[in-house]
Amino acid sequence: MRTAKISAVLLSLVAVSSLWAKGPKVGETAPDFSLTDQNGKTVKLSDYAGKIVVLEWFNDGCPFVQKQYNSGAMNKLAAKYAGQGVVWLAINSTHTADVAHNASAAKKWSIDRPVLDDHDGSVGRLYGATNTPNMFVIDASGKLAYRGAIDSIASADESDLASAKNYVAAAIDELLAGKPVTMSETKPYGCTVKYGA
Amino acid sequence: MGGMLRVSTVALVLLSLVSLARAENRVKATLISSTPTALPGSTFDVAIHFTIPPGWHMYWINPGDTGAPPKVKWNLPEGVTVGAVRFPAPRRIPVGNNMVAFGYENECTLLSTITVDKDFDAERPIELAANVQWVVCADECVMEKQDVSAEVKIGPPVQAANDQFAAWRSQQPQRERVSPADVYICVGHPAGRGELSVTMPHEFESATEIEFFPPPLDFVTFDRAPNLHAIVGGMMVVQPFRVEPGQHSPADTVAMMTYLDGKKQRQMIEVPFKVKFDKP
Chain A
307 MRTAKISAVL LSLVAVSSLW AKGPKVGETA PDFSLTDQNG KTVKLSDYAG
357 KIVVLEWFND GCPFVQKQYN SGAMNKLAAK YAGQGVVWLA INSTHTADVA
407 HNASAAKKWS IDRPVLDDHD GSVGRLYGAT NTPNMFVIDA SGKLAYRGAI
457 DSIASADESD LASAKNYVAA AIDELLAGKP VTMSETKPYG CTVKYGA
Chain B
1246 MGGMLRVSTV ALVLLSLVSL ARAENRVKAT LISSTPTALP GSTFDVAIHF
1296 TIPPGWHMYW INPGDTGAPP KVKWNLPEGV TVGAVRFPAP RRIPVGNNMV
1346 AFGYENECTL LSTITVDKDF DAERPIELAA NVQWVVCADE CVMEKQDVSA
1396 EVKIGPPVQA ANDQFAAWRS QQPQRERVSP ADVYICVGHP AGRGELSVTM
1446 PHEFESATEI EFFPPPLDFV TFDRAPNLHA IVGGMMVVQP FRVEPGQHSP
1496 ADTVAMMTYL DGKKQRQMIE VPFKVKFDKP
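So the protein lines, in turn, are chains A and B.
Quick note: the first sequence uses my numbering, first residue 307, plus one each step.
Quick note: the second sequence uses my numbering, first residue 1246, plus one each step.
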């Protein structure tokens, strides 16, 4: 009748996902930042105090991002909520990108909202952004309300968009309705953020 | 004049070769039948084999911190059906800044079982085709797709016609070894934690390098090392996990356990992961 714990031989090789570890937690104040958009204009998070703000980690070379833009899904979503006062900021932390690169990406995909240059990765690391796309929703009081995936189907295939549940839309809808966010954290999927050394 | 023409023709051919090479996929997919011949009313295995260039990798059903698994859209003649695609056991692949992907390097072989209806028109060969798409990553990621096909003639099946299949089957996890009855999943809402407990025989005491790969559920994260307990009648491996509050749908999928047995052989076992989350 041995019921004692007998061995601790197990390796600690289990991947401790970096997901939960870094950046602001849901409910904490979203840290301010100042970055340059594709037109050379300085954009600060604090410029949008009192508004719901979506942060979208962006890399136009990533097929998971391309799925959202080639299909028009991301622009459609951002435009829908822009009409309800929601601010949407794309952030490119790819170490090889710059303002001119983001300008051409914005032009290619008709992105009329800011695409911010974070090629030194400082804001990406501040938020603990791991993937593209990795989505953050900040409520009107400046607290982080959602972090994680764009939707429920981890795929680079446009044909999956129709059946996926969009977590960002769900979170914004709940915030706009004055309700707490039900799914407030999910595991982001996509490419890794291409941080420099 | 003739020389000039020849030179420019060569240049043109070279140019088109260059552009062909550019359009070519990094990964090569092939559809391979385990037997060159089969009869109506029989079943046989087929493989979708991916050759992955050095430095690049593809993904398991749960890709880990990045990526996505390959997708297969079959195109089969009437009277021919196919079972689920079976993935080989994954390995951990370090990616980016301290992130881990679950997947495959160098090659990956998916297996499926084809069933030929007994009423299949035996006048024609069995034409198997599929559109396969996948994400392959090194530092960057690309999505690629390819149409693959294979023809199986009508005739008595040839056992072990393709000895590659033995190797490919050995890369597959054991799927029947752990039954749902050996698995207990406890979810402690709203604490956001759960435990996956798997009952194994006594011999498991000598297992080392026990690792779990989490199921493809974006609200479940295996964030701690598993631990091992002796229990009445065997051993119990417990894999703690974190679960996101707000998830109320049933989850019916699989996790993967791998370990080195007493003979230092790597064992790969699929573990049923079925849990019904309570309403909050």
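In short, the hints are calculated from the structure, not lab data.
Positions of the beta carbon are idealized from the N, C-alpha and C atoms, including for glycine.
A few of these clues could be false.
[Said to hold, decoys possible] A few chain B residues facing chain A, derived, Cβ under 8 Å:
#1 GLN1378
#2 ASP1384
#3 GLU1385
#4 CYS1386
#5 PHE1410
#6 ALA1411
#7 SER1415
#8 TYR1429
#9 ASP1463
#10 THR1466
#11 MET1513
### Query
Of the hints given before, which are not true for this structure?
5, 6, 7, 8 and 11
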